[in-house]
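Novice: Spelled out from the first residue to the last, the chains are:
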Amino acid sequence: MSIGDRPLRDTENSEESKRRASPRFKPAPFRARRIVAIGGGKGGIGKSLLSASLGIELAQRGLRVALLDFDLGGANLHTCLGVDQPPRTLSDFVLRKVETLPEVAVETGVPGLSLFSGAADALTMANPMHQQKLRLLRAVQGLDVDVAVLDLGAGTHVNVLDFFLFADHGIITVVPEPTSIENAYRFLKAAFFRRLKALESVYGLGRLVEEATRAHATRLPSPAQLLEMVTAQDADAGAELADAMRDFHPLVVVNQVRESSDLAVGEGVCLAWRRFFGLELDYLGYLRHDPAAWETLRERRPLLLERRQQPMAEDVTALADKLLALPWPREGGA
Amino acid sequence: MKPLAQQNHYEVLELQPSASPAEIDRAYEKLRRLLGPGSLAVYSLVDPAEQRALLLRLEEAHAILADAASRRAYDRSLGLELPEEPEPPKAPLPSFRDAVERITRASSGERNVVEAAEPLEPEDDALELGDDDLLEVLEADAILDPDEIGLEAEAEEEIDRLALPPAPPPEDEPATAESKPTPAESEPATAEPPTPEPLTPGPIADLDAEPNAWSGEHLRAARLARGLSVDELSRRTRINVQHLENLESEHWRGLPERVFLRGMLNAYARELRLDPQRVCETYLARREKPGSR
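If you read the sequences in order, they're chains A and B.
As numbered in numbering that gives the first Met the number 0, residues 0 to 333 make up the first sequence, in order.
As numbered in numbering that gives the first Met the number 0, residues 0 to 292 make up the second sequence, in order.
Isolated chain A (complex conformation) (with noise of 0.2 Å):
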């Protein structure tokens, strides 16, 4: 982790907090429409395949679509896809060998999708610096698409749920396995506190949150309790923290269900996380188990394009279709 990289912000007197500071200035206009990110802590449970079958779904209905492999240290987008390794990752423009991202991207054969496939190998690009990451993300916010779709990387590494936060939408993948709930609830936890870390610097929330932790000797409070213990201490404090809380608002895509018990889990976690964690989060829908999926991933032909008739195909469908239906996120700039 890099606990290393100096801090983001600054002194107050610096030349860049100046310009910031300046009426004139305006963010850089972006493009990208809408940010997906999917994520969901843990390893083989699908992300990749939901990744790649969204990217084809949305491209089919006439969008732009990105499809970038930010798993960097163990990309496999294009394996899903049926492509080959492209001649140029997110790694040669996070390294600089390429100085814009559009180089990166290469032809998917689904009109209209493109992909940014991850590093070759493991050990290239799996923590880039900080300001690598900063230009990796206003890059991606650049990408003149619809739809820019991070397939994240497993764990709960600071980088994977910084690229979280960033989406517009982040989709959390769970399986009907426990092992996968706990992932998914250890991710949600994670990219809560961390959230929260990015608001202490922005909301002068710091010294309150960091009491309000230190107050639990055994284990870290909950988003209810420390929204308690904050607003006890500074109203509009709590009432800062209440907002973002609120702002917090992940989405949950219940991967290889198999039976009709299954679906409950989507349902029940969004429904535990509320009432147990005290933050909202929504059930985007589900993916039914397919084993043609499998086989035509091993021939390497993407289903959807191979099997539109299929379940999960049509599961697909309707999870772009709730995902479309989200409302647009704020355009800036121009």
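Possibly wrong hints are sitting among the right ones.
To be verified - A few chain A residues that don't get close to chain B, going by computed Cβ distances all over 12 Å: (1) Gln84; (2) Pro101; (3) Ala263.
What the hints assert, rightly or not - 30 Å max Cα-Cα, derived DSS-like pairs, lysine-lysine: (4) B:Lys1 to B:Lys29; (5) A:Lys321 to B:Lys1; (6) B:Lys29 to A:Lys321.
Keep in mind that the hints were calculated from the coordinates and are not lab data.
None of these values were measured; they are calculated from a predicted model.
No residue lacks a Cβ here, since even glycine has one placed at the ideal position from N, Cα and C.
Keeping the supplied structure of chain A fixed, place chain B upon it in accordance with the hints.
Specialist: Using the frame of chain A, we list chain B on its own:
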């Protein structure tokens, strides 16, 4: 979400005060099933004591609300207007039902030979993340500042209009004598599939723009845009007419305490297909302004 100890029985069961007996039973059963012992959804999230406390609370809420007499007394204690006849039960989420039927048909007729899922990606090692790791996340520097990336910081909540076709004009309600099922009936038969519940509230018909902050005047305008009289809205939400009028005219003295007022606003907003959270927050903020009481 309020702490459990501060929730009333309706909030515990996540129901509106106008819920029918069948809805109360369904809500209780669903919550017990999804949050109770053996549920996969609560694995690792809650300790046994917390879970037991919630289950006891669910049981208590159900016991009171499932009995007509105790429910009436409880409603009176909350200052709620008592319904003369029970509300017709709402249809369940059709998409969920359809999904269950599809899965059931698929599993009974097309059981796959393959018992174990083929791994679609290489598995990673199991993750271990305890509180120490979470503290490390909290202590790590180098937060990604949205300004640095180019995103505008969200100064206020903004809900864009969904890219959906406009809602049809409100139709007249059928006459009250026509279609009131008995309380024993569980589901009314419908001629056509009900609209699936969207992930977010639908658009408001006939309003030029959804206001950022809801005042009584805005609420009245929304009600009129739906073609509803105060009496009709009172009938649908079980909120008495005087309270509705006080709500719309912001006659603060004539309105109950915040916790009950929030319940009213929720019912009001849901009936008009507005965003209950936005309505509650912004309307209640008006009440808290100096000089408003």
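Novice: Look at each hint and say if it fits the structure.
Specialist: Verification of the supplied hints:
no.	hint	result
1	Gln84	holds, 16 Å
2	Pro101	holds, 17 Å
3	Ala263	violated, 6 Å
4	B:Lys1 to B:Lys29	holds, 20 Å
5	A:Lys321 to B:Lys1	holds, 29 Å
6	B:Lys29 to A:Lys321	holds, 24 Å
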